[in-house]
Structures are given as structure tokens and as C-alpha cells.
Amino acid sequence: MKLKNILIKTTVTVTVVFAFFSCEDDFNTVGSEVIGGVGFQDELYNAAPIAYSKRFERVQTSNVFREFNAGGQLTFHSNLLGVYDDPVYGQSLYSLLCQAQLPVNRFPVTFGENAVLDSVVFSMPYISRVTEVESVEVEVNGNTVTETASTYELDSVYQNKPFKISLFRSNYFLRDFDPTTTETQVYYSNDIESFGSAVEGEGPSGNGTPFYTNDNFVPSVKEIILTEKTKDVNGNDSITARSRVSPRLRVAFFDDPNIPNTNDPGNDVREYFSTLFLDKEGSAELSNQNNFSNYFRGVYFKAESVDNTGNLLYLNIREANITLHYTSTTTTTDDSDQTVEITNQGELVLSFANNILNGITEDFDPVIAEELRDENQDKVNGEDNLYLKGGVGSVAVIELFNRNIVNEEGEEENELEFLKRQNWLINDANLKFYINQDMVESGSSEPERIYVFNLETGEVLADYNLDVSLQLANSVDPVNSISNHLGRISRDADDAGEFYRIRITQHIANLLRENIDNIKLGVAVSQNVNSVTTAIGDTSVDNDETIPTSSIISHEGTVLYGTGANVPESKKLKLEIFYTESKNN
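Note that our numbering has the sequence shown beginning at 1, numbered continuously upward.
Don't take every hint at face value.
As the list claims (entries may be wrong) - With a straight-line cut-off of 25 Å between C-alpha atoms, the simulated PhoX-like cross-links for lysine-lysine are:
#1 Lys432 with Lys379
#2 Lys520 with Lys572
#3 Lys432 with Lys222
#4 Lys379 with Lys571
#5 Lys420 with Lys520
#6 Lys420 with Lys432
#7 Lys229 with Lys164
#8 Lys302 with Lys164
#9 Lys432 with Lys520
#10 Lys572 with Lys379
#11 Lys571 with Lys432
#12 Lys574 with Lys520
#13 Lys161 with Lys302
#14 Lys302 with Lys222
#15 Lys379 with Lys574
#16 Lys222 with Lys420
#17 Lys520 with Lys379
#18 Lys432 with Lys574
As the list claims (entries may be wrong) - With beta-carbon atoms standing in for the labels, derived distance ranges:
#19 Ser469 with Asn105: 27 to 35 Å
#20 Arg175 with Asn381: 42 to 50 Å
#21 Glu459 with Thr240: 55 to 63 Å
#22 Thr181 with Val138: 55 to 63 Å
The hints are simulated quantities; they were obtained by calculation from the structure and are not laboratory data. Idealized CB from N, CA, C, for every residue including glycine.
Let's have the full structure, built from the sequences with the hints guiding it.
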């Protein structure tokens, strides 16, 4: 069988398993193995997909920054905060709006008699890992003691320039349910901006003032040493407790002239929170969670670039908190019926949970933004470049077998209909995406993984669930799992990305057997290929499109060669189909 200008036949090595059937030319598949007789030969067919890009104007950011393993179990909450400069696409700002809540067992909130707020402590741990543990000697109250000290390495921190971080008490109420549908309220990447001044509520110095600002924030890798001090009989400080915690942003607000304040004016913040909480003891606002959520609506984490640059952190913001440390007294009588006043130490912990959304502002490169306009995308012949960008970014659209070819009779025929007639045994099928190295800055800023999905539903393809590494995904780093189907980036000797290979053998086999429809495929960058959850993304022409959450939580981007006329033939996107056919055909 010969096809004019279409088939490129090469010899490939395959595993052949011999079996006997009633007819020598009958064959079938078991996984990727061939079952048939000796009268077969192996061939390669190259199909030219139609490929172009689609940009999202906003994406869902509520309840999407969660990581799941392949078994569907929630493994980690992650959110983004900071500034990221993509070498291709431009700068992205990531802010956070978090609903605050108190422990259920603290309602109604009480503080005890004569309660005084001693300090307010904000703590935001970074994602880190211990690389070394050692014993060190330190001096405590004039004595030498031995402690265990840890050396840490920060994970999920990108770039190292400072950015400005500000914390505000938010006055915007985050709903649990959409009143128009009674379904869970969905918030988008541009919602915080639309909320306006409400997210920068009244602060210690009036409306629109933060209770904490750091103009040059860069996360430190050092562990934090915490000490508790009291006055001895001579009025000198005496350390009563000492501990070490993992690296984090930790800010204490208190009024002690003998201790340098970590934030100025700390006493104003302490007085502000004392008014918000201690002065409200016994009020309806502190009687239950619903009332409290409407009273203290949340905290807004605002990120701003410094000198047009910054750094970006992935955080489990649910581990962050604001702790109010207070002292109260209890009056009782001793065995001699003497009145005794007992001093009590207490704390109230505000955590961030339930409703958390990321605000994402993308300053897209204007040339790329113009090219990504829907009306500028060639959906008939395909585009030269495919733009993949996480966050409020873009994905590639792949249309398979939507071209006409010249068949063996010299007539034009739809490619898919032609292939269905061949009754080939599909041994392997893959899409090979070459990276446009003229546009992409090679190295660590290149995404290690890309992800293919059903563009209509967001679901994975059949090959995802057949990948032998799927069963190991729970214990394998997402950078390396599902690698037979979703090939990891291939790099050259200079560490520059060359291509990604995506195997879709089962998808093609199902398509040619007419088991599935010929749906459009989406290709996106992915921060975690183990996660198969989806969210909502809106484009300029369609609302409520489906997009993988693993693309939304990814900050990276790349540019791949497509199928346009200006792409070098050796770099063009092709669907390679390795098949077996009878030599008698």
C-alpha cells in the first residue's frame, strides 16, 4: 500500500509475540505488544495536527491551590505570594485574600478577668526541608547548654529579589455559597482587584493602612529561635523557655521599651488588636464563627514589585496564623482563706482556612498578547508558535486528523476516515513538541512538565490511567511521575530544553476503533502532573471553560513550535504513529 506524499515508511524495532489464530493476517493488541503471525511489517505514519493557542482572561483561584495524589487524596494546600518575572511573558503579581477563623472550642470567646494583650504575633512558615542536624552549645542565663540546631533548604521559592509585602485587615466578606445558584462560591484571579478598597480595610492608623509592611521582603533560610523571658528578683531578664522553629516570616507586635521592636509602631498594632478582640469579650461578634466571620472578615496579603522585580513563594497559607498572647488574673482563696491573685497566660489563634483566593495580575508581553488574540490565531493551518503559560495564561489547542489527504487512489479524503479503513495495529503514538529556543530562556525557568487533556471536559486521556508509573505516583516526586505518557523535558548538553514527548497510543487506538470522539486536546504547563482536578477559565470568546488546576497553580511558561508554514520542518509538531500491517496488503 502506497500513499502519495503522505506515508513515510521506516523500520522500527518492536517486540513481537507470536500466536496462532484461524487466519494469519488477524491481529490484535495487548498493551503495546503485537500479537500476530510472521507476515507483518512495521511502519511509521506522520500526521500533521492543527495547533494554535488560547489565552485566558481570568481563572478560578478559590479552592484550586490544592495538590492531590493520583489516588485523589489531598496531600497539600499551596498558594502563591509575591512577584515573578517570566523571561518570555512578563511580570505576574500574586496576592492573597484569606478568610480568618477561630477554633470552634473557643466560642464564645473569653479572656478572663483583667485581661491585657501582651503581644500579637504573625507567623507564616515557608516550605522547607531539613538538610543537616547538629548539636550546638549556647549560653542561656549565664549557663552553657546544648541544643539541637537544624540547617534548612527552602523549597518552592523562585527568584531572589525583594518585593514589598503588606498585611491588611480585610473588610470584604467572602461568601461560602453563590446566592444565585446555592452552589459553592467561585472566585477568580481578578476578583481582588474588583473588590477595591474593601480589601484594604481600617488599620491601626485609619482606613487603608496595613498593620504590617516590609518594603524589602526576601525569605530567609535561617531557623527562628524563640525565647520566653521573665524578670528575676533583680529585675533582669531571665529566659524561661527556648525553642527553634523552621524558617518563616514571623513578626511580633508588643510594647516593651527594653526590646527592639520588629515593626514600628508595634504598640499601635497591639492596641488595635486589643480593641478588636479583648474589648469585644461577651459581644455577639465573638459568640460564634458565623458572627465572627462577618466581623473580622479576613486578612489581605498584598505584594508589590520593588524596582520592577521580586520573588515568588509557594506557601501552605493554612499553616500561617495570627496569635494574640494575653495575661489575665484569677482571684481565689488559699488554705488560710487569704485572697490570692493568680496570673494566667493565654492565647487566641486566628488561622486562615475555608475561603482563600489568589489575586493574579499578569503584565503580558504586548507582542505576545496581541498574537494571542483569538482573531489572530490561525485555526485552519495552525500557528508557528504555541504559547503555554501558567496562572492567568494560555494553553495550546491540538486538533488531530482534521485535514484532508490524498489517498492511495489519488483522491482527497478526510485523514481520520482514511486511517480508520487501514485496520492497523497501533504500537506507539506520540506528539513531539520542540521548544522554540530562540524565544525561551533555557535553564530553571523552563517547566519540567507539560500536561495533555480533553479540552472540552478537562479529563485526562486513557494513556494517563494506563501509565505504569501511575501506581507509584503517591510515592514519586511529581517531577518524575506519569513519565511514560507525559514525558519530562528533554535537555541538551547545555541544559537547554529541546522537546517534550507526549505518548497517546491508547487514545489513538481508541479513536481509530471509533470507541471515542475526535475531541480537541489541550496542552498546558503543569506544576504537578499527579493532580487531575479541574477549574474554570474564561477567554475572550467563551465563558466557563475547563482548565487543569495544575496549570493555574503553575507560574512558569514556555513556547513550543507549532505547525505553521514558517516552522522548520525538523521542528514542526507531528503526531508519529508506529503501526503494524500485513505484508499481504
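Taking the hints in turn, this is what the structure says about them:
1. Lys432 with Lys379: The given pair, whose Cα atoms are some 20 Å apart, holds under the 25 Å limit.
2. Lys520 with Lys572: Holds - the C-alpha atoms of Lys572 and Lys520 are around 19 Å apart, at most 25 Å.
3. Lys432 with Lys222: Violated, at roughly 43 Å.
4. Lys379 with Lys571: holds, 19 Å
5. Lys420 with Lys520: holds, 18 Å
6. Lys420 with Lys432: Distance ~23 Å between Lys420 and Lys432 Cα, so the pair holds.
7. Lys229 with Lys164: Given that 25 Å is the threshold and the Cα spacing comes to 32 Å, the pair is violated.
8. Lys302 with Lys164: Roughly 8 Å separates the two Cα atoms, so the pair holds.
9. Lys432 with Lys520: Roughly 17 Å separates the two Cα atoms, so the pair holds.
10. Lys572 with Lys379: Roughly 16 Å between the alpha carbons, so the hint for Lys572 and Lys379 holds.
11. Lys571 with Lys432: holds, 9 Å
12. Lys574 with Lys520: holds, 15 Å
13. Lys161 with Lys302: Holds: Lys161 and Lys302 sit about 16 Å apart, inside 25 Å.
14. Lys302 with Lys222: Given pair Lys302, Lys222 holds - Cα atoms ~24 Å apart, limit 25 Å.
15. Lys379 with Lys574: holds, 16 Å
16. Lys222 with Lys420: The given pair, whose Cα atoms are some 62 Å apart, is violated under the 25 Å limit.
17. Lys520 with Lys379: Since the Cα atoms of Lys520 and Lys379 sit roughly 12 Å apart, the hinted pair holds (cutoff 25 Å).
18. Lys432 with Lys574: holds, 6 Å
19. Ser469 with Asn105: 27 to 35 Å: Since Ser469 and Asn105 have Cβ atoms about 44 Å apart, the given range 27 to 35 Å is violated.
20. Arg175 with Asn381: 42 to 50 Å: holds, 46 Å
21. Glu459 with Thr240: 55 to 63 Å: Between Glu459 and Thr240, where Cβ atoms are some 57 Å apart, the hint holds.
22. Thr181 with Val138: 55 to 63 Å: holds, 58 Å
Hint violations for this structure: numbers 3, 7, 16, 19, all remaining hints satisfied.
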